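> The lines below spell out each chain.
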Amino acid sequence: MHPAATTTQEQTRQHQSTLLAACAQGDRDAFRELFLRYQDRVYSIALHYTADPPAAMDIAQDVFVKLFSSLTTFRGDSSFETWLFRLVANCCHDRHRKQWRLVSLEDAHLPEPMDEATEQAERNQRARHVQHSVASLPEELRMTVVLRYTEGLSYEEIAAVLNCPPGTIASRLNRAHRELASRLEHHKKGV
Amino acid sequence: MPPKIQINLASALAPVKAPDELWARVDAALPHSRTSSWRGFAMAAALAALMSGGVLYLRAQSYSSSFAATAASLHQHREGNSGFYAVQRHTVDGQPVTIVSVADDTGSATSKLIRTAEIDGLAISEWTSQGRRWAMLSPRATHKQACSVCHRA
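Residue numbers (our numbering), protein chains in the order written: chain A, 2 to 192; chain B, 843 to 995.
Note that these hints are calculated values from the structure, not bench results.
Check the hints yourself; a few may be wrong.
Chain B is nowhere near these chain A residues, computed Cβ spacing over 12 Å in every case [as the list claims (entries may be wrong)]:
{"hint": "1", "residue": "Gln-10"}
{"hint": "2", "residue": "Thr-13"}
{"hint": "3", "residue": "Arg-14"}
{"hint": "4", "residue": "Ser-18"}
{"hint": "5", "residue": "Arg-76"}
{"hint": "6", "residue": "Ser-80"}
{"hint": "7", "residue": "Asn-91"}
{"hint": "8", "residue": "Gln-132"}
{"hint": "9", "residue": "Ser-155"}
{"hint": "10", "residue": "Cys-165"}
If the Cβ cut is set under 10 Å, some of the chain A residues that face chain B in the computed set are [stated by the list, open to error]:
{"hint": "11", "residue": "Asp-41"}
{"hint": "12", "residue": "Met-58"}
{"hint": "13", "residue": "Phe-69"}
{"hint": "14", "residue": "Thr-73"}
{"hint": "15", "residue": "Arg-127"}
{"hint": "16", "residue": "Ala-128"}
{"hint": "17", "residue": "Leu-142"}
{"hint": "18", "residue": "Val-147"}
With beta-carbon atoms standing in for the labels, derived distance ranges [said to hold, decoys possible]:
{"hint": "19", "chain 1": "B", "residue 1": "Pro-857", "chain 2": "A", "residue 2": "Arg-14", "range": "20 to 28 Å"}
{"hint": "20", "chain 1": "B", "residue 1": "Ser-853", "chain 2": "A", "residue 2": "Arg-179", "range": "17 to 25 Å"}
{"hint": "21", "chain 1": "B", "residue 1": "Asp-862", "chain 2": "A", "residue 2": "Glu-82", "range": "17 to 25 Å"}
{"hint": "22", "chain 1": "B", "residue 1": "Asp-862", "chain 2": "A", "residue 2": "Cys-165", "range": "16 to 24 Å"}
{"hint": "23", "chain 1": "B", "residue 1": "Val-858", "chain 2": "A", "residue 2": "Ser-80", "range": "21 to 29 Å"}
Quantities reported herein were computed from a predicted structural model and do not represent experimental measurements.
Here a beta-carbon is modelled for each residue, glycine too, at the ideal position from N, C-alpha and C.
Using the sequences and the accompanying hints, generate a full structural model.
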């Protein structure tokens, strides 16, 4: 690796370490910076897990509030991102567990295409159908798929977040792919 | 895995931008230590006092601030068929604040943002979740804007 790249990575690590230390001491400006850095990633995971923007907002809010109060417990045993994604996964799981009435996929608040060219509208429709299909997967498969495709995590990284062996992740993805292929194929025939 | 599915997944599950109002919600729910600039506790206590029937919940929590709220006026407006919105004027730490509360239960199962307003320097958003109405407060708002509910009266 180029020495300059190593230096930049080290500076980034040091800055993050300083930022996390400041957050752990209750520095709200530091926390705001941390929030801005991760808000899109946290929200994206929550959104693709639920396919429901208001639910994703609830989850993202819970994640950052818990993050603020629990940063003092972060020991650096794993990377901060692994730790953060574990928190997101736990908040998604909590919501899934507590939800007393599920929102039907037909009622999910994904944007409808308005006055778009047919091709774009079809692309959007396909994307929505994939999102709905993912959001209706069993929970353990769903989070695995979202971390894989929204965050682009490796099997090992997903395993670290979900605290299970990489082989389990490979198995879950395989099951999810087969399940999705079946559902999407069924949809295609239906259309 | 079929390549087509892989491409669809990567595209359909691509990262998206978080809504702008996310920070306001997080900010309102964080424990606050800057007692001179935060009046969340006062708002929480005042809103709690308005929880007649237990239909209003406050998401924000763990605020710390001196609190000396005095109700100056109270009026209500009917919003279509959805019930009453109560607008209460208070004085908190010597400054006027307005509290908007909702006096009904929609029974909605999903979270939906109903409205946001910035009143007396405090951003207030109302939304439904789990069949209840919630009020979200963001004391960091800087500009003042009259209450849209009051303007309709």
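> For every hint, state whether the structure bears it out.
Hints, verified against the model:
no.: 1; hint: Gln-10; result: holds, 22 Å
no.: 2; hint: Thr-13; result: holds, 20 Å
no.: 3; hint: Arg-14; result: holds, 23 Å
no.: 4; hint: Ser-18; result: holds, 22 Å
no.: 5; hint: Arg-76; result: holds, 22 Å
no.: 6; hint: Ser-80; result: holds, 18 Å
no.: 7; hint: Asn-91; result: holds, 17 Å
no.: 8; hint: Gln-132; result: violated, 5 Å
no.: 9; hint: Ser-155; result: holds, 14 Å
no.: 10; hint: Cys-165; result: holds, 20 Å
no.: 11; hint: Asp-41; result: holds, 5 Å
no.: 12; hint: Met-58; result: holds, 6 Å
no.: 13; hint: Phe-69; result: holds, 5 Å
no.: 14; hint: Thr-73; result: violated, 13 Å
no.: 15; hint: Arg-127; result: holds, 7 Å
no.: 16; hint: Ala-128; result: holds, 4 Å
no.: 17; hint: Leu-142; result: violated, 12 Å
no.: 18; hint: Val-147; result: holds, 6 Å
no.: 19; hint: B:Pro-857 x A:Arg-14: 20 to 28 Å; result: holds, 23 Å
no.: 20; hint: B:Ser-853 x A:Arg-179: 17 to 25 Å; result: holds, 20 Å
no.: 21; hint: B:Asp-862 x A:Glu-82: 17 to 25 Å; result: holds, 24 Å
no.: 22; hint: B:Asp-862 x A:Cys-165: 16 to 24 Å; result: violated, 36 Å
no.: 23; hint: B:Val-858 x A:Ser-80: 21 to 29 Å; result: holds, 23 Å
In this structure, the earlier hints numbered 8, 14, 17, 22 are contradicted, and the remaining ones agree with it.
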